[in-house]
Amino acid sequence: MNLSTFVMRRLLHMIPTLLGVMLLIFVLFNWVGGDPAYILAGKISDPKQIENIRTQLGVNQPYWVQFWIFIKQVCTFDFGRSWATNELVSDVLLTRVVPTLTIMVPVLLLETILAVLFAVLVAYVRGTLTDRMVMLGCTVAMSISFLVYIIVCQWLFGFKLGWFPVQGWSDSFITNLVRYAPLPILLAVMVDLAPSLRLYRSFVLDEMNHDYVRTARAKGLSENTVMLKHVLRNAAIPILTNVGIALPGLFVGSFLLEVFFSIPGLGREVVESVNRSDFPVMKAITVYLAVLTMLTNLLVDVLYRWVDPRVAFK
Amino acid sequence: MQNRPLPSRLFCRNDAAMAQPALIKTFAAMLLSATCWLAAGSAFAQDAQPLKVLRTSFRVAETGFDCQRLSDVYSNDVCAQIFDTPLEYDYLARPSKLVPSLLREVPVPEQGGLVYTFRFKPGIYFAADEAFKGVKREIVAADLEYSIKRLVDPAMSSPNSWQVDDRIVGLDELAAKAKKDGKFDYQAKVAGLQLLDRYTLKITLKKPDFNFLYVFAMPTLTPLAHEVIEYYKDDITAHPVGSGPFKLVQWVRRSKIVLERNPEYREEKLDTTYANPNDEWDREVVKSIAGKKLPLLDRIEIYPIEAEQPRFLAFINGEHDLLPETPPSYAAQVMPNGKLSPTLAAQHVRAFVELQPELTYDSFNLDDPVVGGYDAQHVALRRAMAMGFNRGQEISIIRRNSAMAAQSPIAPGIVGYDPTFTAVDQDYAPARAKALLDTYGYVDRDGDGYREQPDGSPLSIEYKISSGGLSYLMLSQLWEKSMRAIGIRLNIVTVQFGDLIRDQKVGKFQLTGAAWIADYPDAQNFLQLFYGPNTGSSNNARFRLSAFDKLYEQAIAMPDSAERNALYREMNRYILAYVPWKLGVHRSYIHLMRPWVKGFKKHPMYHSRFKYLDIDAVAQQAGHQ
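So the sequences go chain by chain: A and B. Going by my numbering, the first residue of the first sequence is number 7, and it counts up by one from there. Going by my numbering, the first residue of the second sequence is number 45, and it counts up by one from there.
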């Protein structure tokens, strides 16, 4: 099967998957989502007002009508306005995704590069004191809550040492990247590095035990060539899978980082929309994440072929 | 002045006679030039005075600035800086006192509290906005009429419509018609809203109400320009246009709100009539801002920061000048033993401690067959539970000593609050609670450590809380522990916030926690939570006692007086007798400010009053350096 046929087939497969996701969101919202009318009605409200709000929101229409409206919204990319703030949902997504990506893209890049680099290095010195110390460090780092990292490092680097601002965000992308983003990025990399390093080390070790590595060495290839050209290339497929799984996460950001550093990103928006039973925002974010997940999976599958030409499209 | 080039001959030695006076002239000219330059420089320096910028934070993010559509404290607070209200509370008077703002005077109740006439000051204008197409737009009485109508427009689904619902003659009928027709007729005449002339609006109520005027000090009932509402339509929430002291110039949702001085703001100065010379905050306010034209700040930057640590550190770090509502977890650090910490005192930081006009409470459902009812047995159960709850631990552990035990359902600082009124039966007394339960037959029959009901059936009570609230979770755990100690089985049930509100409104609970913040400074705002006809709207306890309701109806038709306070006291006694609530606490907050922030005095009815604040910009710059 050639690439274009493969991509077309996968895109068609996405339609029933997306419908399933939408049905799940719809059922979950109506089952456990909370009643938005009571939140919107304010502290003094009577049953008539509640009913009026439910009519305005359309939540007292038959379920099939509500689901049909949902389908139309997904098809037209128009999710209407937030029930809580009356802001256009498209604006919510567009304005919040930039701060989120400003933090999360550097995090993913740095974390992947550093984790791969260290993984190759410690795998190469497997069993030595260095390897053991790094693994111990990773285990300790993974045992500490992200919240502890944030609280301690914000106090230490932001307040005590004054290396970074304690919190904040501006309108300028450059200011954000240079001034406000470094500490959250540093923290996220610190936290994400340990599990990735351990995982990638095991991928590299798996490859190092294969016969082709012994053969390459027997042929007299340099250790650099063996490790970087042969071992790393073969370990790249599981690494790519892992990075691919993390890709949709870029777009939802980190709730804790966003709350503690006052970053107006999507992570805070997701949690707030759930708390407020703001279904239009919840719907839009979930659908958009589902689509992103499917697209990144497709991208990763295509990249497999690029990394390893032996992989065939089926 | 001219500064011509000097002729070279002036410096010729041979022409000394001529040169001497010429030199003097030249020197004089240079001196004059230098003086002019210095003067110009000094004028420039005056123009280039540093801007007075106040940076502060909100502990909860705002949602928008269509103040009629939103009801959260922080959005309303920003609206209060942008919109002028017909009335406002005097900055210094305590207890709170209504004074005119857009009106010429506070309307006098006519026909026994049935009619109010609002007379607007002429010559007050909305801030310039593109919606007005370059025309200066004066505020007139019709703008308030429009605003009142908009509040009940069914399309708005306003959470603030209670402020006028079932009050103004003909208004509810217009709203009902709009609901039927699907369109609100803003041109329709309403009998209770009568425009007497360009600046006068007469409002007629369905029944006498002496607390009616309070709602006109809220930003929800500010005069609105219909042109602005029609121009911005659904985006009105991002385009607030009022006549207030500040204008919204930048809004990064949930991240940054920037307000700047409204250059067209009306002539206003601090009224010192009610200043208390014995109050150090009043003295400082008068000294700093009396006689100056308001507002004094050029720019206000507000940063919503929901996490406690960064909000606190931003102030300690000097990034912010004012820290309203210091996070309770830092209260002990900021004011150990009730005194400002030496570190902060050394930085000349000032702290304003405010007991807020609010209270927390736990509400029983009086319709519930187990905890409800008005007979002696069920009242005894509720009273025993109220006495069995360890409120001392709530204050010391959960509230970190930043709270005061409530003695009545009315908050301090509110008209009708009686500081001498005590609720002994709500004090922690587990032995008395056990004795009361034993007396009424709530005893442990099967020896499992928990009591059964008098008829022998199991006694198990649900305490309903919303998910996500740490303090409510801690409170529910304290309830469970306290009840276990007196032999009552209490189960904690956690639901979504929206569902909790629904369950509270429809009476699907046995015991639940809540808090009430005063909307206006009168005890009626608290006591309406027990008024029978309010069951299903604000009376979540579903307390229906005709004797109480009669007193309530009597009180609402009376002006503030000793007689009315006596009625309030009597109503309090009914509440203590029937125990629809376990009274909680009145929470206090510490507001911190840098020494260069001037004119601060926290008003109980406002989150902030930026128009009275000033900044010593030179001291601020020096402080930052």
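Just so you know, the hints here were simulated from the structure itself, not pulled from any lab data. Heads up, some of the hints might be wrong.
[To be verified] Mimicking BS3-like on lysine-lysine, the simulated pairs with C-alpha atoms at most 30 Å apart in a straight line are:
1. 54(A) to 227(B)
2. 300(B) to 277(B)
3. 165(B) to 313(B)
4. 54(A) to 165(B)
5. 49(A) to 165(B)
6. 383(B) to 166(A)
Here is how each hint holds up against the structure:
{"no.": "1", "hint": "54(A) to 227(B)", "in the structure": "holds (17 Å)"}
{"no.": "2", "hint": "300(B) to 277(B)", "in the structure": "holds (23 Å)"}
{"no.": "3", "hint": "165(B) to 313(B)", "in the structure": "holds (16 Å)"}
{"no.": "4", "hint": "54(A) to 165(B)", "in the structure": "violated (37 Å)"}
{"no.": "5", "hint": "49(A) to 165(B)", "in the structure": "violated (33 Å)"}
{"no.": "6", "hint": "383(B) to 166(A)", "in the structure": "holds (24 Å)"}
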